[in-house]
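Asks: One line per chain: the protein sequences are A and B, in this order. Residue numbering for the first sequence follows my numbering, beginning at 1 and increasing consecutively. Residue numbering for the second sequence follows my numbering, beginning at 1 and increasing consecutively.
It should be emphasised that the hints constitute simulated quantities derived from the structure, not laboratory data. Beta carbons: idealized from backbone N, C-alpha and C, even for Gly. Heads up, some of the hints might be wrong.
[Stated by the list, open to error] Facing chain A, a subset of chain B residues (Cβ under 10 Å, in silico):
(1) A6
(2) L10
(3) R40
(4) V44
(5) G50
(6) V67
(7) T72
(8) D74
Residue strings, one per chain:
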Amino acid sequence: MSDDKEARIVAARLRLKERFEAKSLATPSQSDPRPKGSGPQNRHGMPQLPPGQVIAKGWPVLDLGRKPIVRPEDWKLTIDGACLHPTELDWETFMSLPQSDDVSDFHCVTTWSKFDVPWRGVRFSELMALVSPDDGATHAMCHAYDGYTTNVSLAEAMKPDVLLVHHALGEPLPIEHGGPIRMITPQLYAWKGAKWISRIELMTEDRAGFWEERGYSMTAHPWRDDRYS
Amino acid sequence: MTSHAAAEILSIAPTAEGRVHARLRLVCGCVFEGAIASDRVLDVHDAHGGATRIAAGKYRCPLDHPVGHRATADGTP
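So that you can see chain A by itself, here it is in the shape it has in the complex (with noise of 0.2 Å):
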């Protein structure tokens, strides 16, 4: 990477950081003062277990009943819409990345939490850095090999816990659950993390997604219950 892109990108993540810390601190799952739910506070202040859910042990593949199988050396990453710098990366690229280790809860809408999963991954705030989102970008459409997408707040997407994922449970990610590359969203219900992604636009108004047309919450907060719009 040369001088000049390196340092545009680390001015990059400085500017994200301060046009997006305080709108991530006021999203509903770190400032809800009196959020539903059980048990012990996780480390953003929610109670571990979000009203509704119980607790799984397994990892059950839900998807659309469609798995591409899509080998990392094929493997591409646009990202393009309202951004400065649209970029395509490959997986080596992708792997040449600053790597995230972080362990996280998931919530999925189906009413099953899977707690302390360890993953490996690049944050998505290190893609925007890298594409500099236009002033007037607030959203995410996530697209995935399959054909599903799903829109996410920038607000939800620029947390640190936002990983594209190739490692989970500390083996490479396994293709039924999105292999070689997915999305995970630990603050929201898992379905905002799109598997097998492929693209990510950005947007400046929301737009519904797969579920998100058919009925489900365009916001997803887990401990609103926020299920369905």
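Once you have looked at the hints, place chain B on chain A.
Replies: Below, chain B without anything else, positioned relative to chain A:
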């Protein structure tokens, strides 16, 4: 067709490898019946340790109830 989460497992029986035949009461009150992947059937517990079994995932509603439609108190659609 709309899809809903399952509220209750009415019955499950093994079929071919990796599948079970399931009758599920959906959150809208309708009954879904069909083969599902066996790993969708999960043993789970609530925050107080109470154990139960659920069918993870969304299932097609035979009456096409809109998403968010809830069954009545007695469980009927």
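Asks: Next, verify each hint and record whether it holds.
Replies: Going through the hints against the structure:
no. : hint : verdict
1   : A6   : holds (7 Å)
2   : L10  : violated (16 Å)
3   : R40  : holds (5 Å)
4   : V44  : holds (4 Å)
5   : G50  : holds (9 Å)
6   : V67  : holds (3 Å)
7   : T72  : violated (17 Å)
8   : D74  : violated (20 Å)
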